[in-house]
Amino acid sequence: MPRSPFEIQKAVVFALFVRELKTRFGKYRLGYAWALLEPMAHVIVLSAIWSAMGRSEFSGIPVPLFLATGIVPYLFFQKTIAKCMHAIESNRGLFNYRQVRPIDPVISRIILESIVYFVSYLMLLFIAGWFLDYEVGVHDLLGLIAINALLYLLTFGVGLTFSVYGTLYPEMMKLVPILIFRPMYFMSGILFPLFVVPTEYHHWLLWNPLLHIVELNHLFFFRGFESGDVSLLFVFLFALASTTFGLLSYRANWLKMVAT
Amino acid sequence: MIRLENVTKFYPTPKGRKYILCDVNIEFPPKCNIAILGRNGMGKSTLLRLLGGIDYPNRGHVRSKGRISWPMGLSGGVQGSMSGRDNARFVCRIYGDSEDEVERKIEYIHEFTELGDYFDMPVKTYSSGMRARLSFATSMAFDFDIYLMDEITAVGDQRFKQKSRAALQEKKDKANIIKVSHNMQELIRDCDVGIYLEKGQMHLYEDIEEAVAIYQREQVA
Chain A
1 MPRSPFEIQK AVVFALFVRE LKTRFGKYRL GYAWALLEPM AHVIVLSAIW
51 SAMGRSEFSG IPVPLFLATG IVPYLFFQKT IAKCMHAIES NRGLFNYRQV
101 RPIDPVISRI ILESIVYFVS YLMLLFIAGW FLDYEVGVHD LLGLIAINAL
151 LYLLTFGVGL TFSVYGTLYP EMMKLVPILI FRPMYFMSGI LFPLFVVPTE
201 YHHWLLWNPL LHIVELNHLF FFRGFESGDV SLLFVFLFAL ASTTFGLLSY
251 RANWLKMVAT
Chain B
1001 MIRLENVTKF YPTPKGRKYI LCDVNIEFPP KCNIAILGRN GMGKSTLLRL
1051 LGGIDYPNRG HVRSKGRISW PMGLSGGVQG SMSGRDNARF VCRIYGDSED
1101 EVERKIEYIH EFTELGDYFD MPVKTYSSGM RARLSFATSM AFDFDIYLMD
1151 EITAVGDQRF KQKSRAALQE KKDKANIIKV SHNMQELIRD CDVGIYLEKG
1201 QMHLYEDIEE AVAIYQREQV A
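So the sequence lines, in the order shown, correspond to chains A and B. For the first sequence, this note's numbering gives the first residue as 1, with consecutive numbering after it. For the second sequence, this note's numbering gives the first residue as 1001, with consecutive numbering after it.
Warning: the hint list may mix true and false statements.
[Stated by the list, open to error] List time: in silico BS3-like cross-link candidates among lysine-lysine, alpha-carbon distance up to 30 Å:
no.	chain 1	residue 1	chain 2	residue 2
1	A	Lys256	B	Lys1065
2	B	Lys1199	A	Lys256
3	A	Lys79	B	Lys1124
4	B	Lys1174	A	Lys10
5	B	Lys1018	A	Lys256
6	B	Lys1124	A	Lys83
No lab work stands behind these hints: they were computed from the structure.
Turn these sequences into a full structure, and let the hints steer you where they fit.
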């Protein structure tokens, strides 16, 4: 009985997923704890800077909580894109099996990162609420779920696009972290909320979908959070467009990535 | 059944295209073991990759029916940082085996390879002979109609060679092999027909001895 293409792909993605589980943090002794320690390190350092400058809250939201709810989605996006860019090259040996196609390691990495992100988000909030006595209550849970679903979609689209072009043009792997991730860290509403930026600059910053995502995360999380002209629709359209572009790029180039 | 239809394959190099196959039309004779002969760089391994469905011609089509193994060679197909066991597990999983089935096959592969404790060590610590054993044993756990073998029998000790021949013999009434090797005695013993690869063309010889004779004459000339 021949299997359907979907069954084959499911089996391959699962097999790759199990491998990734074992090797994801292979180099680091701390293993999966790193998924929690890394955002915590960002939060601790940045809170220290803010408190040195005399800031303890943004419109009533304690700075550490504000930072955590922005850093975690941002790090998920950035890490997953970086992992996607290397997914195809580092699994090249496995294309020796005809069932394995270049998109499969990309998909399995995104699934694994999504799970790690979800768990570390929950655990960080738990730590903040249980041990640090912050008031962690979600203001709009449905909105929070929606925006994070869109974040997954956006990550898939951008990740697939970058995995295709990063494999075809390896220079990109060096340039993307410097040209995209570095500036985005400062301009995605993680370090400071949009409302502290003068309004005349908003229309420039608001082209960045990640700024929308981080701001909307804050909006759905905290009652009374002020923001600018952010829109769920913009994120949705951007995510849809990038997924379409990613799939098209893959479709047009996959043979080049397999054939020698 | 394997058929090549107008297949052209080339590699782009700085000095222009290097043609491996030029507009080749050929149907592989069914139910026989096929040897592929040719000098180095004539594209024997590339041909196996095309047959195995992991590389694609620049023009034309490779049509095939039946279960064809991956090209068993000395490189590719394993991830060095993972153990032999995990690599074998991966292969079983992508072929859609249930987890029980996977464990059953792993038992078989472990025993067949005779790797012992090495089976749980990273593949990058293996010698080339051990790698070949792992690759061969893994493919023997499956029932393919055609096994593609790329110089894999060149390594491995005498004992393992005999063992693998016996395993293949057992599958012989159901399965066939397509083999690349530079060992002529071995090809004459294991194969029925020969395909001689030269300057982008494939010549089929119904008698393996004839193919070997022609190949050897070309070698001297």
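Here is what the structure says about each hint:
1. Between the alpha carbons of Lys256 of chain A and Lys1065 of chain B the distance comes to roughly 25 Å, so the proposed pair stays at or under 30 Å and holds.
2. A threshold of 30 Å between alpha carbons decides the hint, and for Lys1199 of chain B with Lys256 of chain A the separation of about 24 Å falls inside it, so the pair holds.
3. Annotation: proposed proximity of Lys79 of chain A to Lys1124 of chain B holds, straight-line Cα distance about 27 Å (limit 30 Å).
4. Taken as a hint, the Lys1174 of chain B and Lys10 of chain A pair is honoured in the structure, with Cα atoms around 29 Å apart against an allowance of 30 Å.
5. Of the supplied pair hints, the one linking Lys1018 of chain B and Lys256 of chain A holds, its CA atoms being roughly 17 Å apart against a limit of 30 Å.
6. A hinted pair counts as satisfied when its Cα atoms are at most 30 Å apart, and Lys1124 of chain B with Lys83 of chain A qualifies at roughly 23 Å.
Of the numbered hints stated above, none is contradicted by the structure.
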